[in-house]
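Number of protein chains: 2
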Amino acid sequence: MRNKIVHFLKSAGGYLSGEEISRHIKISRAGIWKYIQELREDGYDIVAVPHLGYRYLSSPDRLLPVEILFELGTKILGKDIRHFDSLTSTMDVAFQLGVEGACEGTVVCAESQTKGKGRLGRSWASPKGKGIYMSVILRPALLPSDLTQLTLLSSVAVCEAVNKFCNIAAKIKWPNDILVGDKKLAGILTESSAEMDRVRFIVVGIGINVNASLSQLPPHSTSIKNETGQKISRVVLMQEVLRSLERWYAVLGKDGFAPVIARWKQLSSTLGHHVRVIDPSGDVEGEAVDLDENGGLIIRDDNGLKIKRMSGDVVHIG
Amino acid sequence: MRNKIVHFLKSAGGYLSGEEISRHIKISRAGIWKYIQELREDGYDIVAVPHLGYRYLSSPDRLLPVEILFELGTKILGKDIRHFDSLTSTMDVAFQLGVEGACEGTVVCAESQTKGKGRLGRSWASPKGKGIYMSVILRPALLPSDLTQLTLLSSVAVCEAVNKFCNIAAKIKWPNDILVGDKKLAGILTESSAEMDRVRFIVVGIGINVNASLSQLPPHSTSIKNETGQKISRVVLMQEVLRSLERWYAVLGKDGFAPVIARWKQLSSTLGHHVRVIDPSGDVEGEAVDLDENGGLIIRDDNGLKIKRMSGDVVHIG
Numbered sequence: 001m002r003n004k005i006v007h008f009l010k011s012a013g014g015y016l017s018g019e020e021i022s023r024h025i026k027i028s029r030a031g032i033w034k035y036i037q038e039l040r041e042d043g044y045d046i047v048a049v050p051h052l053g054y055r056y057l058s059s060p061d062r063l064l065p066v067e068i069l070f071e072l073g074t075k076i077l078g079k080d081i082r083h084f085d086s087l088t089s090t091m092d093v094a095f096q097l098g099v100e101g102a103c104e105g106t107v108v109c110a111e112s113q114t115k116g117k118g119r120l121g122r123s124w125a126s127p128k129g130k131g132i133y134m135s136v137i138l139r140p141a142l143l144p145s146d147l148t149q150l151t152l153l154s155s156v157a158v159c160e161a162v163n164k165f166c167n168i169a170a171k172i173k174w175p176n177d178i179l180v181g182d183k184k185l186a187g188i189l190t191e192s193s194a195e196m197d198r199v200r201f202i203v204v205g206i207g208i209n210v211n212a213s214l215s216q217l218p219p220h221s222t223s224i225k226n227e228t229g230q231k232i233s234r235v236v237l238m239q240e241v242l243r244s245l246e247r248w249y250a251v252l253g254k255d256g257f258a259p260v261i262a263r264w265k266q267l268s269s270t271l272g273h274h275v276r277v278i279d280p281s282g283d284v285e286g287e288a289v290d291l292d293e294n295g296g297l298i299i300r301d302d303n304g305l306k307i308k309r310m311s312g313d314v315v316h317i318g
Numbered sequence: 001m002r003n004k005i006v007h008f009l010k011s012a013g014g015y016l017s018g019e020e021i022s023r024h025i026k027i028s029r030a031g032i033w034k035y036i037q038e039l040r041e042d043g044y045d046i047v048a049v050p051h052l053g054y055r056y057l058s059s060p061d062r063l064l065p066v067e068i069l070f071e072l073g074t075k076i077l078g079k080d081i082r083h084f085d086s087l088t089s090t091m092d093v094a095f096q097l098g099v100e101g102a103c104e105g106t107v108v109c110a111e112s113q114t115k116g117k118g119r120l121g122r123s124w125a126s127p128k129g130k131g132i133y134m135s136v137i138l139r140p141a142l143l144p145s146d147l148t149q150l151t152l153l154s155s156v157a158v159c160e161a162v163n164k165f166c167n168i169a170a171k172i173k174w175p176n177d178i179l180v181g182d183k184k185l186a187g188i189l190t191e192s193s194a195e196m197d198r199v200r201f202i203v204v205g206i207g208i209n210v211n212a213s214l215s216q217l218p219p220h221s222t223s224i225k226n227e228t229g230q231k232i233s234r235v236v237l238m239q240e241v242l243r244s245l246e247r248w249y250a251v252l253g254k255d256g257f258a259p260v261i262a263r264w265k266q267l268s269s270t271l272g273h274h275v276r277v278i279d280p281s282g283d284v285e286g287e288a289v290d291l292d293e294n295g296g297l298i299i300r301d302d303n304g305l306k307i308k309r310m311s312g313d314v315v316h317i318g
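Line by line, the protein sequences give chains L and Y. Per our numbering, the first sequence starts with residue 1, numbered consecutively. Per our numbering, the second sequence starts with residue 1, numbered consecutively.
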């Protein structure tokens, strides 16, 4: 009901009389007044003028489902959005929902995380209200061994959305860090549950530094605000990310992994660079020359030997 | 305390006076009497004779942790055993325990399952008290793409344990059905939780038809009782399986996958046979000629072309 009132007010642009809203939403004018009061308490700026009615002015700066859903336009992603002011980690909550059978496209998002997760057991700084911290549940028809595809796909989707919406030129560092220059802007994390021959679900976690100042972030980080000088709407950016992720997910389903790899290569800051890959299976140093068909990084060492890595940390050298 | 009393009585072989038990376990003789009564109610046959004391005669036919732990001798597997009279599926319970951080080697077992799981969404018949229905949580240092190794390893471990303990000649049908002739005796199911570059945990599910009669099982099934004509101890067989699984798990950790593959090939009923692999990525028919280094089945079709399958159902033809 709240969602309907907000969407109707936002769509109208100008004033709407209580009677008009009442007719459209099918609740009493007293009921409308009660919901409007609630919305104002949640931070909505809605003016009420006698004889004119209600007018929407602005929404609170929060990733509320009602805001994300407004003109989202996706078919799968975000049909069910669970929003939290604070939680341990969107990954943990989404994974549990996945275990319990939550449907494909379910999104968990939060204003802040007390134990935000990064790759390889690291943490992800999650200052309150300053970033997008979200996890998306997907149930792809993939073999477990092909799950890397979704990790790389997600980095492509996020990188494109950020670049388009914020007019910056972020690049992907293998496998899935989103950097501006050598500063981290966003990160992708995936966690999956699989049987031998099929994936049950995968949770794609996306962390984006949006309106944080550098003092709120770890070293070697940046935010969109720091890059552009402007505070941007996290809601609209999150919508862009969901649309981009859905678009690329459809590409994978229809045309396979090749177009994803092709686009990943275009957005990569790793290929062509001299790198060191730090990995438990042995460090490798050389030129990052290619991505193989599974998303593995091919490095050519000083002896001309080509070595493949499926995991590890990349350091760009020189 | 119960465990200590049972283990002490079983080790003794003959009569133990209340005083001896009291000294060994460090509780009062009245306390011992209370525990003995409880054990009898649970189905233990323990005689009490004035001036002689207590004597253990037999245990109930249940997979009780106290029984499994008696002289088990493993280092990792079975240190924590959760036993249920009935549950939906040991897989679901163990997976949830894995999510919550249960330690490596935790075992979930049950007398019966209401939704016993088989491969590819199928069910596993679980008549009460007639089989071994267990799931083991492992936390291997493997890449997600290498998890197939544990599926094949488990089939080797179970096949060896069954053959040794029951003196039968069960074989493995790719990837991990345990058959006697063309009848299914046992099945392996694995479910895993992984990040991009590391496995969080894998649950190895093992179902063995032990003392069931054929009328209690689906078509094309057999049980150990049906094969040998004898009712065997599920407890002792479960111990053998845990020991065998731990032994092969140690081999994988120390020497890698090659020795597992070598043993799998010896126990296989698939290699050398004319087979059809039914698989969403396309059915294949031909001679099963080899297992590749990742556990994939290599089929040579009528044109001499070698085709690899990582999933699917094998039908032995002719």
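Keep in mind the hints are simulated off the structure, nothing from the lab. Here a beta-carbon is modelled for each residue, glycine too, at the ideal position from N, C-alpha and C. Keep in mind that a hint or two might mislead.
Distance windows between CB atoms, simulated [stated by the list, open to error]:
id : chain 1 : residue 1 : chain 2 : residue 2 : range
1  : L       : 294       : Y       : 280       : 17 to 23 Å
2  : Y       : 215       : L       : 79        : 20 to 26 Å
3  : L       : 88        : Y       : 280       : 34 to 40 Å
4  : L       : 293       : Y       : 285       : 34 to 40 Å
5  : L       : 294       : Y       : 259       : 50 to 56 Å
6  : L       : 294       : Y       : 42        : 39 to 45 Å
7  : L       : 122       : Y       : 262       : 26 to 32 Å
8  : Y       : 274       : L       : 88        : 50 to 56 Å
9  : Y       : 219       : L       : 141       : 26 to 32 Å
10 : Y       : 290       : L       : 317       : 57 to 63 Å
For this session: Note whether the CB distance of residue 294 of chain L and residue 259 of chain Y lies within 50 to 56 Å or breaks it.
Result: violated (26 Å)
For this session: Go ahead and decide if the range 39 to 45 Å is satisfied by the Cβ distance of residue 294 of chain L to residue 42 of chain Y.
Result: Taking Cβ atoms as reference, residue 294 of chain L and residue 42 of chain Y lie about 53 Å apart, which means the hint is violated.
For this session: Hint says 26 to 32 Å; check whether the CB-CB distance for residue 219 of chain Y and residue 141 of chain L agrees.
Result: Taking Cβ atoms as reference, residue 219 of chain Y and residue 141 of chain L lie about 29 Å apart, which means the hint holds.
For this session: With 20 to 26 Å as the target window, see if residue 215 of chain Y and residue 79 of chain L comply at their CB atoms.
Result: Between residue 215 of chain Y and residue 79 of chain L, where Cβ atoms are some 47 Å apart, the hint is violated.
Exercise. Measuring from beta carbon to beta carbon, are residue 122 of chain L and residue 262 of chain Y in 26 to 32 Å?
Worked result: violated (39 Å)
Problem set entry | residue 293 of chain L versus residue 285 of chain Y beta-carbon gap, inside 34 to 40 Å or not | violated (27 Å)
Exercise. How does the Cβ-Cβ distance of residue 274 of chain Y and residue 88 of chain L compare with 50 to 56 Å: does it lie in that range?
Worked result: At 54 Å between Cβs, range holds.
Exercise. So the hint says 34 to 40 Å: do the beta-carbon atoms of residue 88 of chain L and residue 280 of chain Y match that?
Worked result: holds (37 Å)
Exercise. Taking the CB of residue 290 of chain Y and the CB of residue 317 of chain L, does the distance hold inside 57 to 63 Å?
Worked result: violated (42 Å)
Exercise. At the C-beta level, are residue 294 of chain L and residue 280 of chain Y separated by a distance inside 17 to 23 Å?
Worked result: Roughly 19 Å apart at Cβ, these two residues keep to the hinted range, so it holds.
The structure fails hints 2, 4, 5, 6, 7 and 10 (numbered hints given earlier, in ascending order).
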